[in-house]
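So the sequence lines, in the order shown, correspond to chains W and H. Under our numbering, the residue at position 378 of the first sequence is numbered 378, and the numbers go up by one with no gaps. In our numbering, each residue's number is its place in the second sequence (first place is 1) plus 1000.
There may be inaccurate statements among the hints.
Claimed, not checked - What follows is a set of in silico ranges between Cβ atoms, one per label pair, in the way DEER data are often shown:
hint, chain 1, residue 1, chain 2, residue 2, range
1, W, Arg144, H, Ala1158, 49 to 59 Å
2, H, Phe1068, W, Lys58, 33 to 43 Å
3, W, Thr313, H, Pro1039, 31 to 41 Å
4, W, Thr110, H, Pro1136, 43 to 53 Å
5, W, Asp427, H, Ser1096, 35 to 45 Å
6, H, Arg1076, W, Asp228, 55 to 65 Å
7, H, Val1290, W, Asp155, 54 to 64 Å
8, H, Thr1284, W, Thr110, 28 to 38 Å
9, W, Glu406, H, Val1034, 38 to 48 Å
10, W, Thr86, H, Ile1126, 19 to 29 Å
11, W, Lys279, H, Pro1039, 17 to 27 Å
12, W, Lys58, H, Val1089, 37 to 47 Å
Calculated from the structure, these hints are not laboratory results. Note that the Cβ used here is the ideal one computed from N, Cα and C, for glycine as well.
Each chain, letter by letter, is given below.
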Amino acid sequence: MKKSLKRASLLFSTALMLGAQVPTLVSAQEVNPEGFPIVDEPITLSLLAPGTGMAEWKDMPTLQYYSELTNINFEYTTPPLSDFSTRFNLTFASGDLPDIIYAPGSDVMTPALEVDYGSQGLLLPLNDLIAEYAPNLSAILEERPDILQSITTTDGNIYTLPHINVGDTASWIRGPIWINGEWMEALGIEEVPTTTDELYEMLVRFRDEDPNGNGQQDEIPLTDVKMDSTRPWLLSAFGIKEWGIEEHDGVVRYAPMTENYRGYLEYMNKLYSEGLLDKEVFSQADEQKKAKGQNDQLGMFPDWFSFFTTGQTEEESIINPMFGPLTSEYSEEPLFPMNPGISRGAFAITKDNPNPAAAMRWVDYFYSAEGHELLNRGPAGFLWDWVDEEGGEREYAQDLEATDREEYRGQITPGYGITTPELSGVDLPQIGDVAESDFQIFLREETEAKINAHGEVAYPLVYLTPEEQAIVSSIAVDLQTHIRNSEAQFITGQIELNDENWNKYVETIEKMGVEEFVQVYQAAYDRWAAAGAE
Amino acid sequence: MSSVAVIKKSTIKESKTDRIFLAIIYAMLIFALVIVAYPLIYIASASVSDPSVVNSGEMWLWPKEVTFEGYTTILRNKDIWRGYINTVVYTVVGTSVNLFVTIPAGYVLSRKDFPLKGIFTRMMVITMFISGGMIPSYILVNNLGLTNSMWALILPGAASVYNIVVTRTFFQSSIPDELTEAAIMDGASNFKIFSAVVLPLSKPIVAVMALFYGVGHWNQYFEALLYIDDRSKYPLQMVLREILVLQDLSSNPSTMMSEATAEYLNQQQNLSAIIKYGVMIVATLPIIMVYPFLQKYFVKGVMLGSLKG
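Could you put the whole structure together from the sequences, leaning on the hints where they help?
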């Protein structure tokens, strides 16, 4: 009792301090309400961001250009992406905070950490700053209330800004499954399968009829690395949107204990035992999968783009269609999981920031089409140049191959390889004569037809209260380990999938406290939905 | 050499059990050799083979589809070479500082006539069990203003208590007191004794310490991750880690990412597939090359330190 009182008073005093601090800071600094420069007197802020190692941030033309435009300079600290979380956590633990945290991504700046650091007063609440200094973002939030619902924490504050994607691949939850188009052609298969039975038949034909034409039976009809990339797509054939917590018509359930999930396990066990699913699926690494793809041994495989695995060019890979939603006895209607298109934890302002208003205006630019173009392509004179600035005609500044162009992009702008705060995927002005590559058109059409047409978001992005977080964190790990191990055992047949074993499996899940787990997420969902109804 | 010859000439036949014993010993040695040599040969072969045959398991011992693309890519990679130079500098400077601190400390603590020996030893040993931990260390280094400089990697670890204890034991066990007494009789000062009498007799321990510390500096990456922000100051291990760790991340991870991230990861993966084994060779070669020259000291020094102590 005493302890909690103490904690409450501590919280209260931090809240007071914050309340006292923020307005004075904002008013003490000169910020131009609109237009450039943002501040008349140049200021320098410190910024922490994950680096991709392509170039030093201080040497990037995009940032140099934008600094000149805004009068805001930065001291960049960019530890490598691979070890970013270590540095990030250390920064908070030592109290040596940068002014801005840029593009940490929600892997590192998890929703739980946002709530934690936010309630401690280490991160500034951004609500008022957004309303006052972020016209572009405000306009988006007005138009898309679901985004506002998903970035507002349980205490009503917004602590991080999102990466918003409206591009062609925005609805992907992860890389799709691709079907080997050359094999389909070789066997005269014209349509991608639409039922689980059709899929089975196609995989059998891939196995038996030597589609790669080398006279050997070395074909692997379906592969993955530990099921993680194929599972979400295949689960949907059994009416499941997510391998865990999901929502159907307002009711939240834990999918891996449903009869539908048993149907999935039975189906996958059949594929595995008949050699249709790669025998090495639970043991191989990504590089082995890619090696098989380059040997033309794979019929169906997941990857972001199919040419990552097959080693084809972008153009050649158009032949490989995207795997679409299936129907089965468990799911009469085609269904695919879909991404809400936002990624949280892309930008935060800390309590040490001397000029939060300027920082907010600085980042808001990237939520406009113009700002997105700057972040994506850099200023004129590097990747591209004006042919006719008045008429808006552009050309590529250097004769670079497409792949080198990507690499060059990584050297001139931070908008490469990390989750930047921006509105991405909006149509950019054309450069040169090429309007849109065939590959882009192919991607968009496949995504439209297969994902967007049947897509549903499994469970919205929500925040949990610290108490709720404490409940689920302990349960989540146990559950995850249990269902992961069991899935492998059921699919490989190490444990036979009969009533007895299935009941034992479900019982174990129940003993782990799944009921409470689901309740927490039901409550969080209800809150989220209620916020939208307001 | 002569003793070998004598054994050969001997007319006494080895008994049957002796021969069986020898055969077993040889079998075990060969087994151990294979276990140790196989990964080395594999890495060497893989570094000059095409990544696709390596990953598909077709290459399992000798190089296949030989390509030097990996090495040419490494040669052209500016980051790796800059890291290499940094690491050499950090290792040489760092090891010098380490030796400068460790050897005298070990010597002083070994002298029976040093009055505060016990207290100092205890104070040092306590730090082996209770250390500040990562966050206080970070704050300390930060407040000392060492961040982003080579000294952040060298000064905090300048003295390793473990190594000081090993050094002290060496001095205690291999430098007889009579020697220092004799030097004192001849009128040598303490500094003179240390530099003219003790040091020349202590080459093994100096070599061993140089190797211990040197390898430590060579492999150091975590401190660099914490304290070095400037990419131009990254040591080699940091550069390698950046390249190699990313290949563990699949180009299709579980969390949402943008198209750009996918392409970046895929590109890094392809790059690391090509250079992975090559950089392992390049990064460890200097250490492997130093070993044979220091080995005689190494065995002797560690044995002296540990057994007689």
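Hint-by-hint comparison with the structure:
no.	hint	in the structure
1	W:Arg144 with H:Ala1158: 49 to 59 Å	holds (56 Å)
2	H:Phe1068 with W:Lys58: 33 to 43 Å	holds (35 Å)
3	W:Thr313 with H:Pro1039: 31 to 41 Å	holds (36 Å)
4	W:Thr110 with H:Pro1136: 43 to 53 Å	violated (25 Å)
5	W:Asp427 with H:Ser1096: 35 to 45 Å	violated (60 Å)
6	H:Arg1076 with W:Asp228: 55 to 65 Å	violated (35 Å)
7	H:Val1290 with W:Asp155: 54 to 64 Å	holds (58 Å)
8	H:Thr1284 with W:Thr110: 28 to 38 Å	holds (37 Å)
9	W:Glu406 with H:Val1034: 38 to 48 Å	holds (45 Å)
10	W:Thr86 with H:Ile1126: 19 to 29 Å	holds (28 Å)
11	W:Lys279 with H:Pro1039: 17 to 27 Å	holds (26 Å)
12	W:Lys58 with H:Val1089: 37 to 47 Å	violated (23 Å)
The earlier numbered hints that this structure contradicts are 4, 5, 6, 12.
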